[in-house]
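Listed below, chain by chain, are the residues.
2 protein chains.
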Amino acid sequence: SVSRDVDETLIKRFIAEVDNIQIQENLRELTSVPHMATTAGDEKTVQYMLKRWRDPESGLDDAWREEYKVYLSFPDHKSPNKVTVVSPSDEVLFAAREKEKAYEPAQDHPDVVQPYAAYSPAGHPKGKLVYANQGKVSDYEYLSKTMNLTDTIAIVRYGGAGRAAKAINAAPFGVIGVLVYTDPLDINDGRMSDADETYPHSWYLPPSGVERGSFNTDFGDLLTPYLAAKEHTYRIPESDITGIPPIPTQPIGFEDAYFLICALGGQEAPANWQGAFNCSYNVGGPGFKTTSLFNSSDVKLDIYNKGELKNSSNVMGVIRGSVEPDRYIIYGNHRDSWVHGAIDPSSGTSVMLEITRVLGRMVKKGEWRPRRSIIFGSWGAEEFGLIGSAEYTEEYYSKLRDRTIAYINVDISVFANATLRVQGSPAAQSVVFTATKQVKTPGSDSTSVYDNWIRFFNRSSPSHGLVPNVAFLTGAGSDYAAFIHFLGITSMDIAYTYDRSKTKARIYPAYHTAYDTFDYSSKYIDPGFTSHQTVARTAGNVLLRLADSLLVPFNCSDYAESLEQYLKTALENFNNRLAEKGISMEPLKNAVEKFRTAATNLNLMIRDSALATETPLKVRRINDQLMLLERAFLDPLAFPEKFGFRHVIWASRSSSVPTFPGLADAYARAQESDLPQDWSQVHKHLSIVMQAVEGAAHTLEDVI
Amino acid sequence: SVSRDVDETLIKRFIAEVDNIQIQENLRELTSVPHMATTAGDEKTVQYMLKRWRDPESGLDDAWREEYKVYLSFPDHKSPNKVTVVSPSDEVLFAAREKEKAYEPAQDHPDVVQPYAAYSPAGHPKGKLVYANQGKVSDYEYLSKTMNLTDTIAIVRYGGAGRAAKAINAAPFGVIGVLVYTDPLDINDGRMSDADETYPHSWYLPPSGVERGSFNTDFGDLLTPYLAAKEHTYRIPESDITGIPPIPTQPIGFEDAYFLICALGGQEAPANWQGAFNCSYNVGGPGFKTTSLFNSSDVKLDIYNKGELKNSSNVMGVIRGSVEPDRYIIYGNHRDSWVHGAIDPSSGTSVMLEITRVLGRMVKKGEWRPRRSIIFGSWGAEEFGLIGSAEYTEEYYSKLRDRTIAYINVDISVFANATLRVQGSPAAQSVVFTATKQVKTPGSDSTSVYDNWIRFFNRSSPSHGLVPNVAFLTGAGSDYAAFIHFLGITSMDIAYTYDRSKTKARIYPAYHTAYDTFDYSSKYIDPGFTSHQTVARTAGNVLLRLADSLLVPFNCSDYAESLEQYLKTALENFNNRLAEKGISMEPLKNAVEKFRTAATNLNLMIRDSALATETPLKVRRINDQLMLLERAFLDPLAFPEKFGFRHVIWASRSSSVPTFPGLADAYARAQESDLPQDWSQVHKHLSIVMQAVEGAAHTLEDVI
Ligand SMILES: [Ca+2]
Ligand SMILES: [Ca+2]
Ligand SMILES: [Zn+2]
Ligand SMILES: [Zn+2]
Ligand SMILES: [Zn+2]
Ligand SMILES: [Zn+2]
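Protein sequences appear in the order of chains U and V. Residue 235 in the numbering used here sits at position 235 of the first sequence, with consecutive numbering throughout. Residue 11 in the numbering used here sits at position 11 of the second sequence, with consecutive numbering throughout.
Please note: incorrect hints may appear among the correct ones.
Claimed, not checked - Dumping the calculated DSS-like pairs for lysine-lysine here, alpha-carbon to alpha-carbon at most 27 Å:
| hint | chain 1 | residue 1 | chain 2 | residue 2 |
| --- | --- | --- | --- | --- |
| 1 | V | Lys82 | U | Lys230 |
| 2 | U | Lys594 | V | Lys310 |
| 3 | V | Lys310 | U | Lys589 |
| 4 | U | Lys365 | V | Lys51 |
| 5 | V | Lys230 | U | Lys589 |
Rather than coming from a laboratory, the hints here were simulated on the basis of the structure. As the structure is a computational prediction, the values presented were derived from the model and not from experiment.
Generate the whole structure from the sequences, applying the supplied hints.
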């Protein structure tokens, strides 16, 4: 029936059927070989996804692959990248590892890719070493106060700045090469020894572990901005790519970094630059201490990375909707890993496969079909810059824009097993709350995911009191980016994560290393896979509610609350100074008020309507308002310099003031320069966000 | 009932009730005083529209005004602009008229604005005169082969290039001022004398008549691109405005132009530069013939135009939809004129008021309410660059984008009384055909508008055979621009127009002059107002069908036909050369084929569905596909240099090859330069249009 609402019995049944052992076995299969994007291992996972989604007993209505020809970057396995210390007489005094130490056979698999910085150029820079902390602009500025950085090699630690930024920031100072390492302070709570402290004895990173990664700034295929990367698509020249390292860059393990950093000469680096090594972190002479074995020596990088056009696949699957097939809920996870990717991304893939198994069985048995269509996406080449999902949104922009209710992303499903963590649009907060109250947290028969979550992350909501904190989706850390920022689709990113009182690790220590294996995950991340199971139950419950509810379960008043929070912060931080500059914040205040009023009235109208007995077109009208609300915040010209960011509320932000990003960033720039044209840009961004909020309010108002 | 379809009895009744005398009296009222944008006369028309639309017997459900603060340009009535010939001894030998000659009291009204070029800068250039034909780049290039144009004043005739372009093109050659006039060849079929040939003896322009106009390139308020021009909206500095004359510019009548042109020295201008004056058009020495009275004299412009921020109003009115109030049909016409504007725009306003009177009476009596909502817009400040409608689309972008089925524009409803002329999206062709077959052409009881139309404008359609030609909506000549180009809404522009075998006039001769009065219109344009009546019946019929049909009356296969036509032209003109350059047109060919297949399948599905018995949601799904089809062709980044143009099929085009505009223009540039980067741009535009067509095809395919 067209007025059928979500069936709570079905939800309960779904929760009951989600099985931890199935997830474990999915993971075992997915991680049997390394499956870096476009490799043979990746193709193996493509075939596995297709097999599962075409299974006659537990598959979907349909499954297929979509290929894009995308620009990736690989090391040359015949000429591995090298990092050496070379004496003035050209003697190699030290060579960094080319390969992580294996503690189990998987880690020794021939397809384990050498650690490298994807999109770093090839080259052979040689120069004196300096320690540049995290590679922020301020770090290089600090160094350049006391030394000339020309022709130096900088060693920096992960954290503080994006991967590519560390090299992009360095080059203007004359730096010719960058080494990046993971300091044990940042990843291992200080632990360093593989004799008893690190994996295989714990979840901590062994000394030779190296975080690989894509060293780029923009998401999507770098050669085809805004165009889907098909065979004949126009590609920009490689020389026009922006946002990647202009100088050779290479990541190394802390085992090797230790020798380099502890031998550095020059002044002692500031206290907050010091890491966990048992030596003073000096900034470099530039170069090594005269007392060190490396005295007068240079550091040399031999980087052989190459850009290559490769065919990358998304695997897509659908369950057709019965009543509103033209409304989509999209659930996605990337498939490609750097090595075995047991956590990143296969913890998410194994969860997605368990959700599709349980739903697929109900569909195949003819017991259930969702009201709306559900689309599953197994994205390719995420690790190289969210490429598969971004190309998909470019190719199907109009159709997805017009029809998609929500996007649910589960990349790494379990970082750690302490608590749920959700980032998402405020519109989706209420459905996440409803779902999490129905699912139990792992190892408890009584505590809900919600009740556990609120202990770890919470905030005081003006309208709801103390609630778990749904973080804003302002970054581009996974495949939700193109959906929220480019398409303006209400999105969520769901995972289980850390107890921050127990670790300060920047991320789980095996991240993007050869140690991210089934063994590691099953022993140290989620023994028994019950946190995986909990994420599957939670995300699947959200998915079912979005797909089956008569009324789309979005609350526009929760959006109003977030806008009010941003407004308050903006007024507190900017109002006085803007008033001095003759720029009024009143229009923005009025716009937010107008939005609140419209949201309240829409909610009252919904409350006072007996939706089940309303005409289908009236329900559809309200649902369209709820679906399209997020789209109203898109302005494709608001951030011309930020690829793919069109959402004026959630776009990425450089300023530390947590408010409307265009406004915050323009204000920061104007405060620094005090130039009239920069204050004009503040005024412009104020008008842009005002118009977006007011335009969104108009979509919530009575339709005519 | 939700499945109610359009009621043919109602259509017949509507046609019967549309009354020519009512239109005549509307026009008399609207043209009682000059009503240039934001003047007292304009406010009078605002009040009149509100009174009519709030009439308890024949008004709409609701009517209101929307104000924008926009940047206009006016002459200074205390210091009128002057054009003089000044001898070397500073004697004024000749002064052009400051005012058109009055033949009836209306033309002598104190509010008749002096002829001027809106947005021309003030200034007092003085220099030798040259004749530069139509002010095209090629015209100035031709002159500069034989003379130095530095410090000259150019006189050019209307036509061939946009108003602003004539001055923009001139400045790089050193020209310091521009005079524009209307050659009798171009407007009067050569007639010049007001003794017996021109108005008041005919529709031809009297010698002192001057075409006013807005000398700008972009539409919308020039200070607030992409932002609605509210009180506190960010405004760009006036110095950043682009697309307006960089040098003082002034229009004059042919009476004055005659004295200047026939006195010019230098070589005889090329044959196709010659106009209707009984003298040789020379290019200028530069300057006048030694044998002329003006020998050695300069031409001087004294221009006192000023930019001003003024409040301009749109008047809006609605009839709420009964079944799908959240679907809009928008019908618009501008309200502001240059002088009395009996034809431009009040012929359209009087038609719109007659449509609302007939529909309003049915609504007020409770006899009818449309299935979908109808919004009427009486736009302000169109003459200054489509400002009212553009600001409206900026302010309500999201809501209009999500909900608008179609926009119908009737600006000048009757240019002449020979035949219908329609410009519009191919999707709307079929509904226009249906409507025009039901309305009789003026003065006939048997010939339909359709049958009359096909005699004047026709083409051979591969699928329909000989049909009237609906012209493509590629320009920005009236308020449809923001709807089709910026919002991607299926749009139409409807009017009655000339028998081209009877006149070669560029436009009706009184256009933008003081002669565009009730007297002129009722005597020479449409005595009896039956062509006005016919346009009201036709446009109203289209409106009713769009508002009341169960299935939105758009035909996506007609769109396919237009794309195929463009493709064919593109292949014929570009394919060989592109193949040489290694650029394949196959992807575009495939995309158009995919579109055709999807359109065919959707039409078959519609044909095989018994829509009246289908669920409302299934009909809505198809209607959404039809409504949103046009939107799928939008690419906000396709033409970054063209303000407001986002539609990759109908955007304006400089190239003379009638095909995909981005492709055609990029090809023309590359052919000229043969630079590799310009061929890359061709490839890029090929990919952009390919992706748009394929994205549109995806929206027509089975929804999941
Ligand atoms: Ca791309
Ligand atoms: Ca504007
Ligand atoms: Zn991941
Ligand atoms: Zn990753
Ligand atoms: Zn007009
Ligand atoms: Zn006009």
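Checked hints:
Proximity of Lys82/V to Lys230/U is assessed by CA-CA distance (about 60 Å); at most 27 Å being required, the pair is judged violated. The hinted pair formed by Lys594/U and Lys310/V meets the criterion: a straight-line CA distance of about 26 Å does not exceed 27 Å. About 25 Å separates the Cα atoms of Lys310/V and Lys589/U, which keeps this hinted pair within 27 Å; it holds. Taken as a hint, the Lys365/U and Lys51/V pair is broken in the structure, with Cα atoms around 64 Å apart against an allowance of 27 Å.
Only pairs whose Cα atoms come within 27 Å are accepted, and Lys230/V paired with Lys589/U is accepted, the gap being roughly 15 Å.
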